Every structure is written in C-alpha cells, then in structure tokens.
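Colleague: Residue strings, one per chain:
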Amino acid sequence: MRFHDAIVGLLLLVGAVALLLYARGLPAMPGQQFGPAVFPTLVGAGLGLTALVLFVRGLAAGRGQRLVEVEPGLFDPRGATAVAVVLGGGVFYLLTSDWLGFLIVAPIVLLALFRSQRIGWAAGIAIAILATLLIHFVFYKLLRVPLPWGILTPIAW
Amino acid sequence: MDALLTAFGLVFDPYVILVIACSAAFGLFVGAVPGLTATMATALLVPVTFFMEPVPAIAAIVTATAMAIFSGDIPGCLVRIPGTPASAAYTDESYAMTRRGMAEQALGAGLVFSAMGGIFGSIVLVLAAPSLAEMALKFSSFEYFWLVCLGLTCAVFISTGDPLKGLISLFIGLTVSLVGLDNPAGHPRLTFGSTELMGGISFIPAMIGMFAVSEVIRWAATPDAPAFKVQASIGNIFTGMGRMTREYKKPLLRGSIVGTLIGALPGAGADIAAWISYAMSKKFSKTPEKFGTGHPEGIVESGASNNAAVSGAWIPALVFGIPGDSITAIVIGVLYMKGMNPGPTVFMNNAPQLYAVFIVFFIANIMMIPFGWAAIKAAKQILRVPRSILMPIILLFCIVGAFAINNTVFGVGLMLAFGVLAYFMESNGIPVAPAILGIVLGAMLEDTFVSSMIKADGDLLGFFSRPISATLGVVTLLVWFAPLMIRTMRRWQTPAA
Numbered sequence: 393m394r395f396h397d398a399i400v401g402l403l404l405l406v407g408a409v410a411l412l413l414y415a416r417g418l419p420a421m422p423g424q425q426f427g428p429a430v431f432p433t434l435v436g437a438g439l440g441l442t443a444l445v446l447f448v449r450g451l452a453a454g455r456g457q458r459l460v461e462v463e464p465g466l467f468d469p470r471g472a473t474a475v476a477v478v479l480g481g482g483v484f485y486l487l488t489s490d491w492l493g494f495l496i497v498a499p500i501v502l503l504a505l506f507r508s509q510r511i512g513w514a515a516g517i518a519i520a521i522l523a524t525l526l527i528h529f530v531f532y533k534l535l536r537v538p539l540p541w542g543i544l545t546p547i548a549w
Numbered sequence: 123m124d125a126l127l128t129a130f131g132l133v134f135d136p137y138v139i140l141v142i143a144c145s146a147a148f149g150l151f152v153g154a155v156p157g158l159t160a161t162m163a164t165a166l167l168v169p170v171t172f173f174m175e176p177v178p179a180i181a182a183i184v185t186a187t188a189m190a191i192f193s194g195d196i197p198g199c200l201v202r203i204p205g206t207p208a209s210a211a212y213t214d215e216s217y218a219m220t221r222r223g224m225a226e227q228a229l230g231a232g233l234v235f236s237a238m239g240g241i242f243g244s245i246v247l248v249l250a251a252p253s254l255a256e257m258a259l260k261f262s263s264f265e266y267f268w269l270v271c272l273g274l275t276c277a278v279f280i281s282t283g284d285p286l287k288g289l290i291s292l293f294i295g296l297t298v299s300l301v302g303l304d305n306p307a308g309h310p311r312l313t314f315g316s317t318e319l320m321g322g323i324s325f326i327p328a329m330i331g332m333f334a335v336s337e338v339i340r341w342a343a344t345p346d347a348p349a350f351k352v353q354a355s356i357g358n359i360f361t362g363m364g365r366m367t368r369e370y371k372k373p374l375l376r377g378s379i380v381g382t383l384i385g386a387l388p389g390a391g392a393d394i395a396a397w398i399s400y401a402m403s404k405k406f407s408k409t410p411e412k413f414g415t416g417h418p419e420g421i422v423e424s425g426a427s428n429n430a431a432v433s434g435a436w437i438p439a440l441v442f443g444i445p446g447d448s449i450t451a452i453v454i455g456v457l458y459m460k461g462m463n464p465g466p467t468v469f470m471n472n473a474p475q476l477y478a479v480f481i482v483f484f485i486a487n488i489m490m491i492p493f494g495w496a497a498i499k500a501a502k503q504i505l506r507v508p509r510s511i512l513m514p515i516i517l518l519f520c521i522v523g524a525f526a527i528n529n530t531v532f533g534v535g536l537m538l539a540f541g542v543l544a545y546f547m548e549s550n551g552i553p554v555a556p557a558i559l560g561i562v563l564g565a566m567l568e569d570t571f572v573s574s575m576i577k578a579d580g581d582l583l584g585f586f587s588r589p590i591s592a593t594l595g596v597v598t599l600l601v602w603f604a605p606l607m608i609r610t611m612r613r614w615q616t617p618a619a
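Chains as they are written, first to last, in our numbering: chain A, 393 to 549; chain B, 123 to 619.
These are calculated hints, taken from the structure and not from any lab test.
Just to be clear, a hint being listed does not mean it is correct.
[As the list claims (entries may be wrong)] Partner residues are not named here, just some residues of chain B that face chain A (Cβ under 8 Å, in silico):
#, residue
1, VAL170
2, THR297
3, LEU300
4, HIS309
5, VAL338
6, ILE339
7, ARG368
8, PHE484
9, SER510
10, ILE521
11, SER549
12, GLU568
13, VAL572
14, GLY580
15, GLY584
Keep in mind that this is a model prediction, so the values were computed, not measured.
Positions of the beta carbon are idealized from the N, C-alpha and C atoms, including for glycine.
Isolated chain A (complex conformation) (with noise of 0.2 Å):
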C-alpha cells in the first residue's frame, strides 16, 4: 500500500513532534548537562526535519499522484482474505495460545492460511498437522522452549 510522500511525512511528522514533546517532559540529571532526554531530541529532530523535507518535496513533485496506491492483490478478494488471515493469524495466536496450548492453535492458524491459499481441506489439515508436531518436536524437545500447553496440560508430553 503506498501513500503519497506529503502523507508518509506528515504521518512522520507527528510523530517527530510527539517524540519531542516527550523528551521535554524527561526529567534533567542533577548536577549533569547531558540528561535522558539530549537524544531523543537530537533523534525528534532529525526525524522532524527529514518529514518535513519529505512532505514539501511531495507536495512539491506528487502533485499527478493518488494519494493512495493499493496493489491490485489487495483489491482481489483472495489477496485481502490472505492478508488478513496472516495478520488475523498472528493476533489470534497471540491472544489464544496461553489459554489453548500450542497444538491446539497452531493447526488453527496454518489451516486458516492454507484455506486462503485455496489448499484443499483434507491437504490442508494433514500438513497443518504434520507441520505443527515437526516445529514442536524442534522447538519443545530439541531446543527445550516452553511452548504453552494450555488446556492441554493434562496430557502434556
């Protein structure tokens, strides 16, 4: 998704200007010049004027341009079912995985992609399958990382 340059530094340029009033409000070091908030500024700064550059320059040069641009993919129904299943997958794995366990959700969520990839159920579900148990063996029994069992816990292995 592209938007055009006056945006992208307008966006950036809130941003600067919010970082900078942040760092006024930290707090100085007694008894020393160079407290906390030297940096960001210095940072804020240089973000601010770059953003600024950008947004002139954009709307100096952008004029013809749309303000935004979407891939045609996103348009297509198929790309932006995909999309959102891999942002929707992440967020719900983030939010389910400690209550439901790992096996549980991550069969969920690469059927899901799968599915939008117009795999076929029983494919799909058999990888989906295969696929968790082989990351889990890696990752829960070679390299010992607690993925979360979740209601499965009674029968963790």
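Model the placement of chain B on the given structure of chain A, informed by the hints.
Modeller: For chain B alone, coordinates are given in the frame of chain A:
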C-alpha cells in the same frame, strides 16, 4: 598457537559439523526459493541458534548465508527470477546463457566463482580484522562516535536510491532504539508503563518481523504468483571451469576485491556488491558488447563479488561492532547474546572462538562446491515446492521463534508490529536496512555521544581533538556535505559553460 589448536578442536566436533551441514542445506534451500532471502535465512536461524554454544551458533549463520547467496543464482539462471536480491544483477545474463543451452556453464560459474570469492573475502577478513582490532584498542568514545556516524551515513547514502528516505528510515530505527532503560541516564524512556518494554525492544523478534513476516505479508498480498517451470536440462556443471578461471583471472580478482570492500562498508551488502561488480566487469571488459547475450564474464566477476561481500561484512562487525550489512546486523545481536561482545577486545577475550569462526568461513566456502552441486541437481524439485504451503509454515516458525527468545507472547506481538511496519516502509520506498542499523547502533551512538560530550564539557570541538577522531570526523562531514557541494559547484559552472 594454542588458541588456534583449541579453535580446530571447537570446529571439528561432530555436533558442530552436523550443525554446519544442516545449515548449509537450509541456506541452499532458502536461497534457491525466490522470495526468501539470505537475511531471512539468518533471521529464521537465530531463534534456533539461541540455544547453541557460541561456535555452532555463529557457524550456522556463516554457513547458511554463504550458501544462500550462492543458491540465489539457481532460480535466476533457470527461471529468470533471482532467489535472493544479491543475484538480481546478473539474472538476465545467466538466463540468456540458459536459453543458449549453456545452463550448466552459468550455474557452474556461479558456484565455482562464488566459492572463490567467498574464500578471498575470508582471507581478507582473517588478515585484516586482527590488525584493525589492534588499532581499535586505542579508540576512545570520540573515535567510536565518528565510526558509528560514518557507518550510519554509509547505510543511508549507499544502500538507497533516495537518501532522504534512507535518512527517514535511519531516524525510525533510532527512535526504536530509544525505548527502554538502556541509556546513559538509566531512565525509562517510551516504555508507557510496560515492564516488557523496560529492557528495550527485543532485537530478535523485531528482526524476524522486519525480514520474514514482512515477506509473508507481501506474498499474501500478491495472489496468483506464477509457478516456476524449469525447462533446461543441466549437464556437468564443472566442464570448462578451469579454462574460465584462466581466462577470467582479472575479473575474478577484481570482483573479489570490490566485493570484500563493499561488504566491509557499513550498510552495503552482497546485492550492491553484485550490481557494482557487474557494471565494472562490463566497463573493463574487452568485449563489452557480449554482455547481456549470455556471456559468463560478468557472472564470474559479480558472482565472486557477492560472496566476497558476505565475508567482508564481518570485518567491521567483529572489529568495531558496526555491521557491514543487514545480515551482520543480526549477527551482532547474536554475538552479544552469546557473550562474545564484538569490538577489539573480542580478539583477546574470545580468541579461540574467533579463530573457530574464521575456520568455519573456509569450511563453508569449500563445502559450497559439493553441497551447491547437489542443490543444482535438486533445483527442479526445490522450485516445485509450492509457496502456498511454505509461507504459512514460515509464519508459524517465525511466531515460535519470536516466542522462544523470552518465552512470552509479547515477542510475537513485537514481531507482528515490526512486520507490518517493514511492509509499509518498503511499499512506500523507505528502505529497511538503515532502520535496522539504527536499531542496532542507536544505543552505541547515544552512549559515545553523551560520554564524549561529558568528557569535552559540551565543547563540540572536542570531537576533533584527537588525530584519528578528527580524520574520521572530517571524512564523515565530507560524506554528508559532498552532495551539496557538488551541486553548488555544478550550479557555478553551468552559467560559465
């Protein structure tokens, strides 16, 4: 000498050899699949190496990246889609060779000269790094401040077509580096009351997000990508390599030297090395008219160059802790986690481990020949693996990897956020590499700046009071202002002409 013997012991351990072999296969696979880059291979490897001893961990990354940069040539040659950006410079050339029925020569040249370039870069690394480190021992915060500035400047000006957007990317990275307690004052900044953010943005989840998740998002946004069909048949790839080595001695050497140098420049890596070497090869060739028609000369030079760059990038990373490219930016994070803090002292405190890493560079580049041969033989099968199955599994791998660093889902959240950020940055022409360098070097920049200011009592001239720091400072300022000066001079000259 003892250190060297210990180093051999560290490398020739069955476990380490197994790790090297596995990461070689992994690197070859990732490099050969278009859309998966060498940097992504590194980002995906890091969570796994997190649980290893320092030597196998670093060995895994060294091997995988060297292999991935070579195997990026394979799909470029066979289906005209580079496997990694580092092969893009000569994809058309090698595909033209394939169409003329010379696929085996193109692949053979890619393989043999990649290995040679890699070995050349490794020799330079082994010779240059310790002596540079000796010099770096005398450096104070002033010199380090300028070195970091110079590194970040290179990242902005070399790696990007639009320096303004490069600068913006750098400032985004520096802003990220502000988060947390890790600043000279020890004051929590931008944590918004979150205890998770006190320790700063965890580097690994951010990396995985920026290099892997952003690719998965981009893949999802482009449905109906064509499947790869390999038509060419591949004969003996080693036929004619001896003749080519004799014929193209000079391009080979030039590509290796240029590649190592560009790799060692912060911010510019294998992809830029390949572009520059291909252009140089054409410029200095006796037969420039043959370029683009399926002529191996450019492939020899730029193929050697991109692999030399992989080794060259480690020089500033090990000696100064300043990454030469985005791969070594990740490596620096790994070195810190492993207690091998990069910098000149690593050559004294961790000499055996360091020598072991050097040995691995040679092993990886020598192993590239048989492993690469196997990968070329398996190319048709590798290219047949559907991305609709591969990418979801990569996403799950990323999630688990981001989780594994601190064993909290907070890392998963960070990873997703940085994936979305990198996706938007790249779609808007803002390169990601300067931001990565900003994140990695932000703390060092602030640290050296603040302690130098305190030492100089707020006097900016203090930054020029020592000979090396003054030189570095002048060079940095020159790079900053050279474009401006050149433009002004041109403006002066135009009316006169």
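Colleague: Work down the list of hints and note, for each, if the structure agrees.
Modeller: A quick look at each hint next to the structure:
1. VAL170: At about 7 Å, which falls below the 8 Å cut-off, the nearest Cβ of chain A leaves the hint on VAL170 (chain B) intact, so it holds.
2. THR297: The hint holds - THR297 (chain B) has a Cβ within 8 Å of chain A, the shortest such distance being about 6 Å.
3. LEU300: Status holds, d = 5 Å.
4. HIS309: It holds, given that the least Cβ distance between HIS309 (chain B) and chain A is near 4 Å, below 8 Å.
5. VAL338: Hint holds; VAL338 (chain B) Cβ to chain A Cβ min 6 Å, cut 8 Å.
6. ILE339: 6 Å, holds
7. ARG368: 46 Å, violated
8. PHE484: Not OK, violated: PHE484 (chain B) not within 8 Å of chain A, min 28 Å.
9. SER510: Given a least distance of 4 Å, the restraint on SER510 (chain B) holds.
10. ILE521: Holds - the Cβ of ILE521 (chain B) comes within 8 Å of chain A, reaching about 6 Å at its closest.
11. SER549: Hint on SER549 (chain B): holds, closest Cβ of chain A at ~5 Å, below 8 Å.
12. GLU568: 4 Å, holds
13. VAL572: 5 Å, holds
14. GLY580: Constraint on GLY580 (chain B) satisfied, holds at 6 Å.
15. GLY584: 13 Å, violated
Consistency with the previously given hints fails for numbers 7, 8, 15, ordered from lowest to highest.
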